[in-house]
Amino acid sequence: MSTNSRPTIWEHAQSKGVSRREFLTACAWMTAMLGLPASAVAQVTKALETQPRLPVLWFHFQECTCCSESFIRSSHPGIADIVLDKISLDYTETLMAASGKQAEEALRDTMTKYKGKYLMVVEGSVPTAEGGVYCCIGGRTALDIVQEAAAGAKAMICWGSCASNGCVQAAKPNPTQATPIHKLVSGVPIINVPGCPPIAEVMTGTIVHLLAFDRIPQLDGLGRPKAFYSRRVHDTCYRRPNYDAGLFVNSFDDENAKRGFCLYKMGCRGPVTYNACGVMRWNGGVSFPIQSGHPCIGCSEGNFWDNGPFYRHLPNFPGFGIETTADKIGVGLGAVTVVGIAAHAISTNIRKRHLIKEEQAASEDVKDGRAEQGGS
Amino acid sequence: MQTQTLGRVYVWEIPVRFYHWLNAFSLVVLCVTGYLIGAPLAIQQASEASFAYWFGKVRFIHFVFAYIFFFNFLFRIYWGFVGNRYANWKNFLPFRKKQWKEIKQVIAVDILQRDNTPIETIGHNAVAGFTYFMTFLAFLFQCITGFGLYAAMSKAWLPKLFAWIVPLMGGDFAVRQWHHAFMWFFILFALVHVYIVFYHDYVEGRGEISSMGSGWKFIEKEYHPILKDEKPASGIKK
Ligand code: HEM
Ligand code: HEM
Ligand code: SF4
Ligand code: SF4
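Chains A and B are the protein sequences, given in the same order. Positions 1 to 376 (my numbering) are the ones given, in order, by the first sequence. Positions 1001 to 1238 (my numbering) are the ones given, in order, by the second sequence.
Isolated chain A (complex conformation):
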């Protein structure tokens, strides 16, 4: 990217009165956030000195803005500031000063001037029922906006579970047909950053990666950055030794809960949830749900609202009523099978009586020595 009209990140920082020392400190922070070794600081610094600021369009559709809230609460003072400074946030409904016509103009401007160069960021899912009328901005449907903006985007980040997998508004019966973004657009590299909300450092880390390397980070099978989503909460959980030892909380008010045993039997979704909570924790590393005694609800996994109830290991079996687990169905089927077997056994003794009698008679012949060649 070499749009001369845009100053590089370092130039922009200087114009804001940032000293070289402050700039280098920020570069070191970012390197650490990417999980890179100290030796990579130089590379990140170089990138920020030469990269122009990235134009960003940040859209809000069906969502609660918890992703934005999380983002601006990045733990280290100013990290979000730094990132917000490093990008050129040309359009975002919640943070921009402009409104109405001016806002729409800013959007149009960026879309035409930086076609193929801007980063598109989406918070929220898009409803597709009834032609998309359930979410309209400036008289246009979210569906329309997403498709138009995506066509000229260099890459796209989908913040939170809403944009990456639909979250609560896509839970059954999903009346508005809320749809995650990756199912609506193609041809643009998409990074999913799920979580309800995602951890602030994960969000800033993802952006910094794009800024520093001008490249999509390594993604897993569900399009999530491997740096933050390659391990399960369970693999980094500090209660894990209790799990391996078979020491479980059996109810929220028992002795085991006081001792801080594993929450697996309380429905903990840690073993099936990919997120960085166990490592980065929340609110500046203060704690995370499990540390506060609550099982993980799997907020960064698709369908987590439908995989309930949260406080039971085995969920309700799809298609059956509430409180019906696979085990209950299995026991029921087992009972039916045993009854069926018993019925069949009785029937066999009635219907096949003659057959068996004949065979018995034949073998009695042998016993009596009346037959020369008995069965063997």
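What the hints contain is simulated information worked out from the structure, not anything from laboratory work. There could be a bad hint or two in this list.
Said to hold, decoys possible - What follows is a set of in silico ranges between Cβ atoms, one per label pair, in the way DEER data are often shown: (1) A:14 / B:1050: 29 to 35 Å; (2) A:360 / B:1080: 34 to 40 Å; (3) B:1209 / A:260: 48 to 54 Å; (4) A:254 / B:1013: 52 to 58 Å; (5) A:345 / B:1120: 22 to 28 Å; (6) B:1113 / A:171: 45 to 51 Å; (7) B:1080 / A:364: 40 to 46 Å; (8) A:338 / B:1013: 29 to 35 Å; (9) A:292 / B:1111: 56 to 62 Å; (10) A:254 / B:1078: 49 to 55 Å; (11) B:1081 / A:254: 54 to 60 Å.
Said to hold, decoys possible - Derived lysine-lysine pairs resembling BS3-like cross-links, with alpha carbons at most 30 Å apart: (12) B:1057 / A:265; (13) B:1097 / A:352; (14) A:352 / B:1221; (15) B:1160 / A:226; (16) B:1228 / A:357; (17) A:258 / B:1057; (18) A:154 / A:115; (19) B:1155 / A:265; (20) B:1160 / A:265; (21) A:352 / B:1101; (22) B:1104 / A:357; (23) A:352 / B:1104; (24) A:226 / B:1155; (25) A:357 / B:1101.
Note that beta-carbon positions come from the ideal geometry of N, C-alpha and C, so glycine has one too.
Start from chain A and add chain B with the ligands according to the hints.
Below, chain B with the ligands alone, put in the same frame as chain A:
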């Protein structure tokens, strides 16, 4: 009916029998350990985590038997191509007209018990064969979902080959739930299967139960692969 003259037929070769019992044993172990993984025992105790490892051991046993089960299954597929005619893969798929006829017959004779015409087949009858085919599909499903889940906890290359199932099913949660639900298929299968083996032994008197131990079945002369072409009363192998 006259006195039966029976001849021995070597049906299940040693590899098939070995496969069968290893498979049955590992399935029992996998069901028991799998169930425990899904619903661990509630132990109230003041122990420290560093002194115990029972849940880790249960999982370890599950994974060891998962490998045994998987390779045993692969071996059986291989044996379906090189084993004797009773082990051949063609017994499992009703491609031939004769098999379809037999399916109807088995339903009439053994399930609805409407008539008593003897079923000729010496190895798996057509219904049994097809049921085992469905069972093999369930084996495959269980291996794919199991190794798919295992990929997240293992560095080995084998489980990684199955990692694709996770995004396909939408996440570990769904994979795990279906892996759990399929356990019941095996439990139901084993119940019915063992009953049917005893049923056949009782009704047909061919030595069905012992056949998976010794390999031999006792077949009426008129259906015996060798004896049926020979004159009666001569050369019956004992
Ligand atoms: C074919 C017979 C098998 C049965 C009946 C079976 C059954 C089960 C059950 C009931 C669970 C507990 C699921 C839950 O509620 O969380 C489980 C877990 C699991 N099984 Fe199997 N399984 C079988 C084969 C396999 C195979 C072939 C593998 C391959 C590696 C495997 C790997 C796993 C894994 C990785 C878990 C999760 C364990 C954990 O997270 O600690 N299973 N299995
Ligand atoms: C958990 C328990 C068991 C499982 C999972 C199981 C599974 C199977 C499978 C998969 C086959 C197909 C064999 C092949 O051709 O590859 C089979 C066949 C057979 N099994 Fe089992 N088995 C179990 C227990 C038993 C028991 C207890 C007996 C009797 C003593 C038995 C006797 C037989 C016999 C006789 C056949 C051949 C059936 C036929 O003629 O079609 N099995 N079993
Ligand atoms: S509390 Fe949850 S994440 Fe932690 S070890 Fe137990 S099951 Fe795993
Ligand atoms: S512990 Fe689980 S539910 Fe809680 S924030 Fe992390 S991923 Fe979401």
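Results of checking the hints against the structure:
no.: 1; hint: A:14 / B:1050: 29 to 35 Å; result: violated (55 Å)
no.: 2; hint: A:360 / B:1080: 34 to 40 Å; result: holds (38 Å)
no.: 3; hint: B:1209 / A:260: 48 to 54 Å; result: holds (53 Å)
no.: 4; hint: A:254 / B:1013: 52 to 58 Å; result: holds (55 Å)
no.: 5; hint: A:345 / B:1120: 22 to 28 Å; result: holds (24 Å)
no.: 6; hint: B:1113 / A:171: 45 to 51 Å; result: holds (49 Å)
no.: 7; hint: B:1080 / A:364: 40 to 46 Å; result: holds (42 Å)
no.: 8; hint: A:338 / B:1013: 29 to 35 Å; result: holds (33 Å)
no.: 9; hint: A:292 / B:1111: 56 to 62 Å; result: holds (57 Å)
no.: 10; hint: A:254 / B:1078: 49 to 55 Å; result: holds (51 Å)
no.: 11; hint: B:1081 / A:254: 54 to 60 Å; result: holds (56 Å)
no.: 12; hint: B:1057 / A:265; result: holds (18 Å)
no.: 13; hint: B:1097 / A:352; result: holds (28 Å)
no.: 14; hint: A:352 / B:1221; result: holds (21 Å)
no.: 15; hint: B:1160 / A:226; result: holds (15 Å)
no.: 16; hint: B:1228 / A:357; result: holds (25 Å)
no.: 17; hint: A:258 / B:1057; result: holds (25 Å)
no.: 18; hint: A:154 / A:115; result: holds (8 Å)
no.: 19; hint: B:1155 / A:265; result: holds (27 Å)
no.: 20; hint: B:1160 / A:265; result: holds (28 Å)
no.: 21; hint: A:352 / B:1101; result: holds (22 Å)
no.: 22; hint: B:1104 / A:357; result: holds (25 Å)
no.: 23; hint: A:352 / B:1104; result: holds (18 Å)
no.: 24; hint: A:226 / B:1155; result: holds (16 Å)
no.: 25; hint: A:357 / B:1101; result: holds (28 Å)
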